[in-house]
Amino acid sequence: MFAFIVRRITQAIFVMLIISLIGFAIKNKIGDPVRDLVGERVTPAERAEIRDRLGLNDPFAKQYVRFLKNAAHGDLGLSFFYKKPALEVILSKAPATMELVLGAGLIIMLVSLPLGVYTALRPRSFLSRFTMGFSTLGVSMPVFLTAIMLIYIFGVQLHWLPSYGRGETVDLFGNGWWQSGFFTLDGLKHLILPCVSLASITLPLFIRLIRSEMMEVLESEYIKFAWAKGLPPMRIWMVHAFKNTLLPVVTVFGVQIGIMFAFTILTETVFQWQGMGYMFLEAVERSDISLLITYLIVVGSLFVIVNTVVDILYGLINPTVRIAGRK
Amino acid sequence: MSHLLEVQDLKVKFALRFGDLTAIDGISFTLDKGERLGIVGESGAGKSVTGFAIINLLSKPGFIAEGKVLFNGKDISTLPGREMRRLRGNRISMIFQDPMMTLNPVFTIGTQMVETLKAHRNITTREAEKIALEKLRKVHIPSPEKRLDQYPHEFSGGMRQRIIIAISLLNDPAIIIADEPTTALDVTIQAEIMDLLQELCQEEEMGLILITHDLGVVSQVTEKIAVMYAGKIIETGDTQTVVNSPSHPYTQGLIKSLPGALKTGERLYQIPGMMPNLTAIPPGCAFNPRCHLKEEICVKDLPLLKRTEKGIMAACHMI
Numbered sequence: 006m007f008a009f010i011v012r013r014i015t016q017a018i019f020v021m022l023i024i025s026l027i028g029f030a031i032k033n034k035i036g037d038p039v040r041d042l043v044g045e046r047v048t049p050a051e052r053a054e055i056r057d058r059l060g061l062n063d064p065f066a067k068q069y070v071r072f073l074k075n076a077a078h079g080d081l082g083l084s085f086f087y088k089k090p091a092l093e094v095i096l097s098k099a100p101a102t103m104e105l106v107l108g109a110g111l112i113i114m115l116v117s118l119p120l121g122v123y124t125a126l127r128p129r130s131f132l133s134r135f136t137m138g139f140s141t142l143g144v145s146m147p148v149f150l151t152a153i154m155l156i157y158i159f160g161v162q163l164h165w166l167p168s169y170g171r172g173e174t175v176d177l178f179g180n181g182w183w184q185s186g187f188f189t190l191d192g193l194k195h196l197i198l199p200c201v202s203l204a205s206i207t208l209p210l211f212i213r214l215i216r217s218e219m220m221e222v223l224e225s226e227y228i229k230f231a232w233a234k235g236l237p238p239m240r241i242w243m244v245h246a247f248k249n250t251l252l253p254v255v256t257v258f259g260v261q262i263g264i265m266f267a268f269t270i271l272t273e274t275v276f277q278w279q280g281m282g283y284m285f286l287e288a289v290e291r292s293d294i295s296l297l298i299t300y301l302i303v304v305g306s307l308f309v310i311v312n313t314v315v316d317i318l319y320g321l322i323n324p325t326v327r328i329a330g331r332k
Numbered sequence: 019m020s021h022l023l024e025v026q027d028l029k030v031k032f033a034l035r036f037g038d039l040t041a042i043d044g045i046s047f048t049l050d051k052g053e054r055l056g057i058v059g060e061s062g063a064g065k066s067v068t069g070f071a072i073i074n075l076l077s078k079p080g081f082i083a084e085g086k087v088l089f090n091g092k093d094i095s096t097l098p099g100r101e102m103r104r105l106r107g108n109r110i111s112m113i114f115q116d117p118m119m120t121l122n123p124v125f126t127i128g129t130q131m132v133e134t135l136k137a138h139r140n141i142t143t144r145e146a147e148k149i150a151l152e153k154l155r156k157v158h159i160p161s162p163e164k165r166l167d168q169y170p171h172e173f174s175g176g177m178r179q180r181i182i183i184a185i186s187l188l189n190d191p192a193i194i195i196a197d198e199p200t201t202a203l204d205v206t207i208q209a210e211i212m213d214l215l216q217e218l219c220q221e222e223e224m225g226l227i228l229i230t231h232d233l234g235v236v237s238q239v240t241e242k243i244a245v246m247y248a249g250k251i252i253e254t255g256d257t258q259t260v261v262n263s264p265s266h267p268y269t270q271g272l273i274k275s276l277p278g279a280l281k282t283g284e285r286l287y288q289i290p291g292m293m294p295n296l297t298a299i300p301p302g303c304a305f306n307p308r309c310h311l312k313e314e315i316c317v318k319d320l321p322l323l324k325r326t327e328k329g330i331m332a333a334c335h336m337i
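Same order as they appear, the protein sequences are chains D and P. Those letters in the first sequence? Residues 6 to 332, by this note's numbering. Those letters in the second sequence? Residues 19 to 337, by this note's numbering.
Worth flagging that the hints you see were computed from the coordinates, not collected in a lab. Owing to the predicted nature of the structure, the values given are computational and were not obtained by experimental measurement. Glycine included, every Cβ here is placed at the ideal spot set by N, Cα and C. Any given hint could be a false lead.
To give a feel for the contact side, a few chain D residues facing chain P, derived at Cβ under 8 Å [as the list claims (entries may be wrong)]: (1) S225; (2) A233; (3) P324.
Construct the entire structure; sequences and hints are all you get.
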């Protein structure tokens, strides 16, 4: 198990290096930092000197290593607009986004698991047919349309739920960094619509995935053998079939969480949610290159971290993977 | 006195879109305590379906249309689900064809054995593990204590089939139905598994229904044989008599096609043609298109099982 985790983390570090290389290459080749730094009246000779002093004439590899060194110390450059380290800006926006993704992930899990299992066990029932029909609709609707529709129905017409902002939040660690909406009624109300619209694309996918996996597992020989052993139906469905169903679902879930971080750009824009996605769009408008690159690297890291955790979890539920790691 | 198991005129159908398909068409046989019955036939003859019909575990569109399955004199084909479940894996166990697919890959052997015991008795995990160990020893698994915590993928095919046999033995069943238990295994392992099954049945006085297409295995292990063709039993009786002097032309063909009696380089005998599709069973005797003895009556009338002078039953007009 230990060897497996070490190997998985080594892989993750490798992936991170590649992401940082791409990030750095974009930063290095697009735009001219000297032009951004100095005024119009600085002479070409002075510009060349600054360029030299900043090490911008060094070979690409040398600059990249320096970039990595700085990155290892948490320095990914300054945001032009905020006049603060880019990483700091992003980290201050991260909690809002993470809560959004967490909320959406919870909705997906709590809804897709029971519905997926139910539709697999009772494919002909009315609820199953309704779910499958509705899920087709859900998959084919773009997030921003779902979001606007939700706002119109629950915000504008019914006045049940607020349609923008995070509402009342609680300072989680006492230092003002993580403002959480999960602990106040108002914060939770504000979470509902954004989370639902963020979940709307992935949820139907998961219901369908769980359903088809479960149906396949239910046809397998070992399930038939479980019946022949005279086990109670609940044990066969919820223990034998369910655990095998989960294996592929866990992997896909890891990837989808990463993709959801990307989808937050749309959701956060529609709901004016002050998170990383909203900040990203602002940064694009302001051509804040450092901030954009840092966003890329941070989201890339999140993606890698989530997937590594998921792979380790997968190793825990799938005995054959664990063995492969031991060798 | 009633038999341990008596199948009476069993018909199994599959409900398909264009109507019901008859997979088993009125078969009857009996099994007594400690008796070993072999059911042989080609693929699609209805052997496996017979096995699943006995424990009422037919895959979805399949259902028992007519007939009875009497277990200790009581019809179990109409039992409600809950009561039938009490019999499965408890009084009647089943062993499947492919040991690589039969065990759940994500649970240890111990878990899969203990749950089988707990499903049928009020028993603590520790007691259940003790019984599991005892059964593993019985099927000759070396150092079973270490094995309980292992997962199926840590065992070879032969070992897995032994474990599956051990699972089927857990509740000391009266009957074991073995559906081609050695088809997926190496020849050397096949012999070991067969010896083991035979040994266990003799020791415990269990009834065995051995479903196979391997006549050699049937003649070694069983006392009684039923040859199936297109959903019907066409010949049944004492195994040695049937194998040594078959009456039905189909059984004769089967035995002639065994490679045992041939010299090297000689061509294997083949029964001409193929078993009919269940949707298009010919009128009269289902075997008539392939039969070298075919006469007019074979196309017109369905032959019924009748006793031959050798003391066995065969369904053929020409006997």
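Each hint, compared with the structure:
1. S225: Nearest chain P Cβ about 7 Å off; hint holds.
2. A233: Holds: closest Cβ of chain P sits about 4 Å from D:A233, inside 8 Å.
3. P324: 4 Å, holds
Hint compliance for this structure: every hint is met.
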